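So the protein sequences, as listed, match chains A and B. Quick note: our numbering has the first sequence finishing at residue 353, numbered continuously throughout. Quick note: our numbering has the second sequence finishing at residue 769, numbered continuously throughout.
Hints are computed from structural coordinates only; laboratory data are not their basis. Careful, some of the hints might be misleading.
[Said to hold, decoys possible] Some chain B residues close to chain A (C-beta under 10 Å, calculated; not the full set):
| id | residue |
| --- | --- |
| 1 | 391 |
| 2 | 392 |
| 3 | 426 |
| 4 | 442 |
| 5 | 486 |
| 6 | 493 |
| 7 | 612 |
| 8 | 654 |
| 9 | 657 |
| 10 | 659 |
Bear in mind that the values here come from a model prediction, so they are computed numbers and not experimental data. Note that CB positions come from ideal geometry on N, CA and C, so glycine has one too.
Residues per chain, in single letters:
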Amino acid sequence: MFALYVGLAVAILLIVLNIVLSKLSFVPKEARILSIIVVLVGYIYWGFEPFAHHEMHPHVEDASYAFDGKQDIEALEHAGKDATEAKAFWATIAKIAEHKGNAVAGKELVAANCTACHSMTSEGFPQLMSDADAAASYGVTPPDLSIAGRVYDRNYLIAFISNPVKAMHIEHKYPVGGDKVFPMPSSDFMQPQEIADMVAYLSDAASKVSAPKVKEGATEFEISKAVNKEVFETACVRCHAMNYAGIQAKTTAEAMSKYIGATPPDLSQYIRSRGDDYLHNFINDPQRKLAGTGMPRVGLNEKAESQVVEYMTQIGDSKKDEREALGPKVLIYLTILAIFALLWKQKIWRDLH
Amino acid sequence: MAEFEKANSIGEWFDQRLNVKAFTKVMMTEYWIPKEINFLWAMGALLVMLFKLLIITGIFLLMYYKPDVNMAFDSVNYTIMQEVGYGWLFRNIHGVGASVVFLIIYIHMFTAIYYGSYKKGREMIWLSGMLLFVLFSAEGFSGYMLPWGQMSYWAAYVITEIFGGIPFIGGDLVIWIRGNFYVADATLTRFFMLHVLLIPVVLIGAIAFHFYTLRFPHVNNEEGEFFDYKKESEKYLAGDKANSKVIAFWPDFLSKDFMVIAIFMVFFFYLVFYNNGFAMDPVNFDKADGMKTPAHIYPEWYFLWSYEVLRGFFFEIGGVSGKDLGLMAFGFAQGIFLVLPWLDRSPMVKPANQRPVFKYWFWLLMADLFVLTIFGKLPPTGINAYVGFFASTTFLGLFISLPFLTTIESKIVGGK
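One chain only, chain B, in its complex shape:
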């Protein structure tokens, strides 16, 4: 065992045992972030904040929630919302937080696409980020089932039914997922387990991994500039902070993050107190009833675009039924973002608006996602069905054409 001298301070005591000083340097004060950034670079820290809020409120909700089809609805809407002190506050934060976390994930994700932060060494950041998106989606879906309202039930019914479209094993798979022939008590309890145990544990691991992937390629900057971090950090440490292209994670970067978080929290709590209907659908305040289908079934807003791709194909093409086509398009939509770094053949790492071809692709994709989201909630009748079909095919076309478009761009910019 190493010789330990008597420590002169508490800090020294810890430093001897945990090497705190060196650790702080590596993780905080000498972890370098580019200076050319705007508030969109604070979305990651904001997501951490929202995730913390979700975990803390979730723990409180867990103390009173009952995962049983006969008790779930009342345990949420009576016990938690009306009996437990500030139970309503925890539930509102949890419900609004779940919705807002997706808003910030989307902003975070499209910031990455806009600035090209997924290529030239940053592929693992993108992949781990998309893994987080999938996990958050699963967490959101499983959580939405727990209040056991009408939308909980019918969303669970529709989404588990999707797996029935998988060839050969589909039918058995649906029963295996539900734990019954229909959405029942077994379904609720297993999704409860997923929501409060398995997915959160994996999520925490995936978040840590996402941070790790940032370490070597470094965070992208506003101009997509590549520079020598060693040289710039030496400048910073020598005291020439103004001319260095880097800033320290602590306190420089985090001070800005805290500012963005604090301002955002004003807006967030406004939603929690005064405008939470968008996150807690009124229909879900009707208790689940397997005999009574609601007039309109739609997912939460953040799944609307992929839901619209699913139902966009409503007629048979070349002997393949509309349902199967929709399912294939849905599968495509779920997976395609993952391989974005390899679809973008252009070597440019620049904001989209500085890229001659990609800028059109980016804004067209945004417009298409807006159309899909808005029409994803409307009943798919009359003209709506055709708008949905058109927007879904546009979505597929955009991703299929991306390698070709970016190859053209690559030639225009001469491989730079």
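Isolated chain A, as found in the complex:
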């Protein structure tokens, strides 16, 4: 409502301004008329665009990449719910995060604890089942861990290994004692040092993965698209398709609806339908934008997330660069045309006055 009052105040101010303007005889009449039209059109635009969006899509707090549970706790407290458990969980995560991990020890732990389900092709742990079989066995196709240490935040990975459901912020889909059990078990029984070691190994392994191959003579756009695609595939493609890039979701729609209770949408046009700002906030923590959604918080760090959104732009709005390059040229051409049109009009009308 506050925005509406501001809008009304501005409207009154503009009307007064126009009345004053109309009393000033040195202001040309056409300029006064133009000012009225500009004010009216600008005002109606404000009403049905920024103001309407502001009313229909309330602002949420900006994305936070700390993954320290602060926003979860605030949200619980804001809703008047008990946040004791969340506070205890994130305090434990903070403690674990203080440990310096050992990648060599971590490798053994990952091999023993993770690779039965997860592949890590860059480190020689192959995928043991086809995507469809894996989806049928686990409920969802488990992600390959090759670049996990690069795209996911360190704090988030620690939280995730300790308790996936809490880290993903999907307790409403997998309540404690409910009949659905999340496919990956919690590892909060492990020693803090062990968890830190595994995360250190993931990060170390990811740093050894070389940049994706592109064909010779690839343009800058193609290279960046390939780099972003790798992140997108790790972060999103287990559930989502990107039809306009020929990418199918790794988990079938049928398995997905069992797993999460909904069929994840194709993301081809999400950059247009949701926009940059929404996507950043949504990916960072889906619950804040769309409470109750089945989409988990995936824990992408700031860089990986911007790569994902950039990829969505490169696929969904692939002519953006072309558009932005052509725009100024067209506007300059039209400005010159307008100047000539103005001069021609003045020439013709000189005789008429």
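Got chain A sorted already, so can you dock chain B onto it with the hints?
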């Protein structure tokens, strides 16, 4: 057959066969326009320009668009927007053009209301103009369905549903319009036909008719002055252009039109390249899904005021349901502008601000339309619903009171 002498030039050759010289005089160089005009008089030419842009871009879009529920969305958002060279440009011009054409129609229309250009012999100009407004609305609505996004689908659903409120035949009429029990492939293909064939053809005819209606009563001027066109044009032809009250359509009037068009095009292409979200709603980039209603359904901005009149009545009054009342008010709002020349009982043809009573009516109507437009997009809950009801009743009240108010004005000014 008449005797034809050998022509000495190409111009003469055509003149012999088509009487080009006389035709040019009648249509261009001796078609008289009043001199006392401002840039608002260029809106007609600007609309012609925008209509041309829409037709040209529409033809290009038509080459790749597929009117089939399974292919429409991707043919627009993938084939046209990403595969076809400059397809995105054609689509952006077409989408923004469709929205901006309504902005200019409204400016054109309210200029006519402000200056009283709908009465004392100019009734046919007004009527043909309103016919064009109806046709453009139908063209806009049918075109909005074609990308087959969520808003396309649900707008089609809501708007076709409106016809269900017509007594006795409503239910059957809705099925007849949709070609199915719900909005389906048959609906898309028939609205495609309407959008690219029937309505444009009628539109072109109606535009020609609108020009024709201007011919005898002449274009109004800034002061609403009536003068002897014959006398003034003789002055002009005798070379006394400065003292004549008229100017020639070509080159005088059109040179100003071109200037306004050229300046406006800078703004228009700025929108095409950098700010087109208002014309191409983000929600419409989600593919149509009959199972999933969007959180908010609203029409394009130019229909918001009448949409708000439709839903402004949300409770029963005297045994008539809110839905039926809204429908009646909506019907009233669609038709009432048409009879404006007969609602205005005052003989004054002057700018609204010089008319003692009408000026209040005009600016109140503008304010009310603004409220209706802005609240037409917001969810109709809480206070919004009451604002909508109040603004809708104000709209009806304004038009019902107009004959009485202008009769009073007529007495004040003594029938002049």
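**Message:** Checking hints one by one. Is residue 442 of chain B an interface residue toward chain A, by the C-beta closer than 10 Å rule?
**Reply:** Hint on residue 442 of chain B: holds, closest Cβ of chain A at ~7 Å, below 10 Å.
**Prompt:** Close enough to count: is the Cβ of residue 612 of chain B nearer than 10 Å to one in chain A?
**Reply:** OK, holds: residue 612 of chain B within 10 Å of chain A, min 4 Å.
**Request:** With a cut-off of 10 Å on the beta carbons, see whether residue 493 of chain B makes it to chain A.
**Result:** Where the cut-off is 10 Å and the nearest Cβ of chain A is about 15 Å from residue 493 of chain B, the hint is violated.
**Interface restraint verdict for residue 426 of chain B against chain A (beta-carbon cut-off 10 Å)** = Constraint on residue 426 of chain B satisfied, holds at 9 Å.
**Message:** Interface hint check: residue 659 of chain B, Cβ to nearest Cβ on chain A, cutoff 10 Å. Holds or violated?
**Reply:** violated, 14 Å
**Interface hint status, residue 657 of chain B versus chain A (Cβ within 10 Å)** = Holds - the Cβ of residue 657 of chain B comes within 10 Å of chain A, reaching about 6 Å at its closest.
**Message:** Take the shortest C-beta to C-beta distance between residue 654 of chain B and chain A; is it under 10 Å?
**Reply:** holds, 4 Å
**Message:** Can you verify the interface hint for residue 391 of chain B: is its Cβ closer than 10 Å to any Cβ in chain A?
**Reply:** Result: holds, 5 Å to nearest chain A Cβ.
**Message:** Please check whether residue 392 of chain B passes as an interface residue: C-beta within 10 Å of a C-beta belonging to chain A.
**Reply:** holds, 6 Å
**Prompt:** Can we keep the residue 486 of chain B interface hint, with Cβ of chain A closer than 10 Å?
**Reply:** Violated - the Cβ of residue 486 of chain B stays beyond 10 Å from chain A, reaching only about 17 Å at its closest.
The structure is inconsistent with the numbered hints 5, 6, 10, although it conforms to all the rest.
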